[in-house]
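Asker: Sequence:
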Amino acid sequence: MLQRDAWTIVEARFDIEYLLQRRPFMNRTLRIIILAGALAPVGTTVAQPFRFVALPDTQIYAENLFPDPNRFPPVTDPNGTGHIFAAQTQWIVDNAAAKNIRYVGHLGDIVQHGDDPLRAPAQWTMAKDAMNNLLQADIAHGTVMGNHDTSHGNNYRADYLANFGPQVFAGRSWYAGSSPSGGGNYQLLEHGDRNIGFINFSIDQPQEEIDWASDILRSNRDTWFVLGTHRYMYDYKLFAGRYDEVNVTPLGTFRINNDGPDPAVIDPNFGQQMYDELVAPNPNVLMVHAGHFHSEYLRVGNPRNVQEQAIEILTDYQDARNGGDGWMRIYSMDFDANTFSWDTWSPTLNAYRSTLHSFVETIQQAYIQREQIKSVLGFPTGALSDAAYFAWLDATLKNNPLVPDNFLLQHPDMNEAHEQAYFNAYLSDMFNGNIPTGFDNILEWENLWMFAFAANQRNPFDFSNGLRSPSGFLSVNYSTYVPIPGSFVLFGSVLLALMGRMKRGWFSVHRYTLAG
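Numbered continuously in this note's numbering, the sequence shown closes out at residue 1280.
Check each hint, because a few of them may be wrong.
Dumping the calculated SDA-like pairs for lysine to any residue here, alpha-carbon to alpha-carbon at most 25 Å [to be verified]:
id	residue 1	residue 2
1	1001	1153
2	1001	1012
3	892	830
4	1001	1015
5	1001	983
6	1001	1064
7	892	958
8	1162	1151
9	863	1113
10	1162	1137
11	1162	1175
12	1162	1113
13	1001	1195
FYI, nobody ran anything at the bench for these hints, they're computed from the structure.
Assemble the whole structure, with the sequences as input and the hints as a guide.
Answerer: Quick look at the structure:
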């Protein structure tokens, strides 16, 4: 490994023609080739990593739905979905001390019907009761407003602010302030001699909120920041990107900036603007995470150039069984080991999530959400185009002659009979027990797995964590985000900021490494 002061140079090469040839592609070892190592930071040793939790899109829990064979997302819990939200926050309270969980970020869509005066009050009450578990335990947390949390008209923030506005957090030692509208908030915490901050934005934040956050980032250069918002990235599995990004893919060029009803935001900013104005200019932004779009996705670069300087993660489980089955993301920042890792846990299932959960959910979404997918891909919409769409799925995402049949049976989460039975039952649950023809065999979707979920697109038997896995691990040089006074990496970090994260063709300055 070559030492290059405080940053790691990464080369990224993709062979996009493989997709068009119906072959697995993007060998992970080619995608991210580490050419330079990171120097260990100098600072006070902290025994426990700093951990924080992301709660995305709890709207189905707040709605408290019960089983119905015609309902999607499917509900199988006879007790309804309402108890799941409180179970999540209570688990956090019960485990905060032992696991050093210092912060919780809610990523918006707290409730389902914020615009319905008849249904919203009960949903806000259920959400408040769940989040009050954190308040009563004095666990630092922040919230954002999602599109389902808004009311109609110019006063669209009113109900959200009444329930989760600045007055809720006032007086807490970890609460540092709110944005001009009150819809954004930030928290400042200490971890040994290190400062960690969280800035939260409501959906499609107006420019004054961006300016507010920019001032905070510039005024706290000694603080690692995590930015949270509701809508930042989308992930259609065949391609993914930030909202409003010009996204060049083998399937075409896409620019997606609105996939649903928006509040009456004046001068809105989408994911790409947020990246350009907050992430790119500020070296102390470690991470951006968001919900809104049902998926779990880690962005480490685009096909032409690994240029991202922050960790960008999408998590949303609302379209899974029971509106999310209690899944929540637990992140761990280990400054001594220079690692950033995560797992996805459900207190109601008492289990960790597998990549196979997301894989099965994607098979269901390919059918249930086909009108949206057809529209994005350029198919005519309506039932008359279903046959052409299903034929395209068969040709593009199913059997691949270059990989062994039934290779997924070797997956460590599906290589036992009871595990195979579990995921077949999960597929049935996702369709309310009525699986359409062509969607009933998990093992047929070989290309879907190899393209979207495999860790190594040239090795079907590499079942390590990929970009859409619920667990993962990054090697991170934290000192390039926040220079540590007196450390050897200070000069290199300052130079990094002055360089403005320059790009060099295939090369770019890069500060983390995908490990696994």
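Asker: Does residue 830 sit within 25 Å of residue 892, going by the straight-line distance between their CA atoms?
Answerer: 20 Å, holds
Asker: Taken at face value, is the distance from the CA of residue 1012 to the CA of residue 1001 at most 25 Å?
Answerer: With Cα atoms ~14 Å apart, residue 1001 and residue 1012 stay inside 25 Å; holds.
Asker: CA of residue 1001 to CA of residue 1153, is that 25 Å or under?
Answerer: 16 Å, holds
Asker: Hey, residue 1162 versus residue 1151, does the alpha-carbon distance stay inside 25 Å?
Answerer: Status holds; Cα separation ~16 Å.
Asker: What's the verdict on residue 1162 and residue 1113, does the C-alpha distance respect the 25 Å limit or exceed it?
Answerer: 30 Å, violated
Asker: Could you grab the alpha-carbon distance between residue 1162 and residue 1137 and see if it respects the 25 Å cut-off?
Answerer: 17 Å, holds
Asker: Could you grab the alpha-carbon distance between residue 1001 and residue 983 and see if it respects the 25 Å cut-off?
Answerer: With a Cα-Cα distance of about 38 Å, the restraint between residue 1001 and residue 983 is violated, given a limit of 25 Å.
Asker: Sort out whether residue 1175 lies within 25 Å of residue 1162, counting only the CA atoms.
Answerer: Holds: residue 1162 and residue 1175 sit about 18 Å apart, inside 25 Å.
Asker: Please verify whether residue 1001 and residue 1195 have alpha carbons no more than 25 Å apart.
Answerer: Holds, at about 20 Å.
Asker: Holds or violated: residue 1001 and residue 1064, Cα atoms, limit 25 Å.
Answerer: Given that 25 Å is the threshold and the Cα spacing comes to 15 Å, the pair holds.
Asker: When you check the alpha-carbon spacing of residue 863 and residue 1113, does it fall within 25 Å?
Answerer: 19 Å, holds
Asker: Sort out whether residue 1015 lies within 25 Å of residue 1001, counting only the CA atoms.
Answerer: 12 Å, holds
Consistency note: the structure conflicts with the earlier hints numbered 5, 7 and 12.
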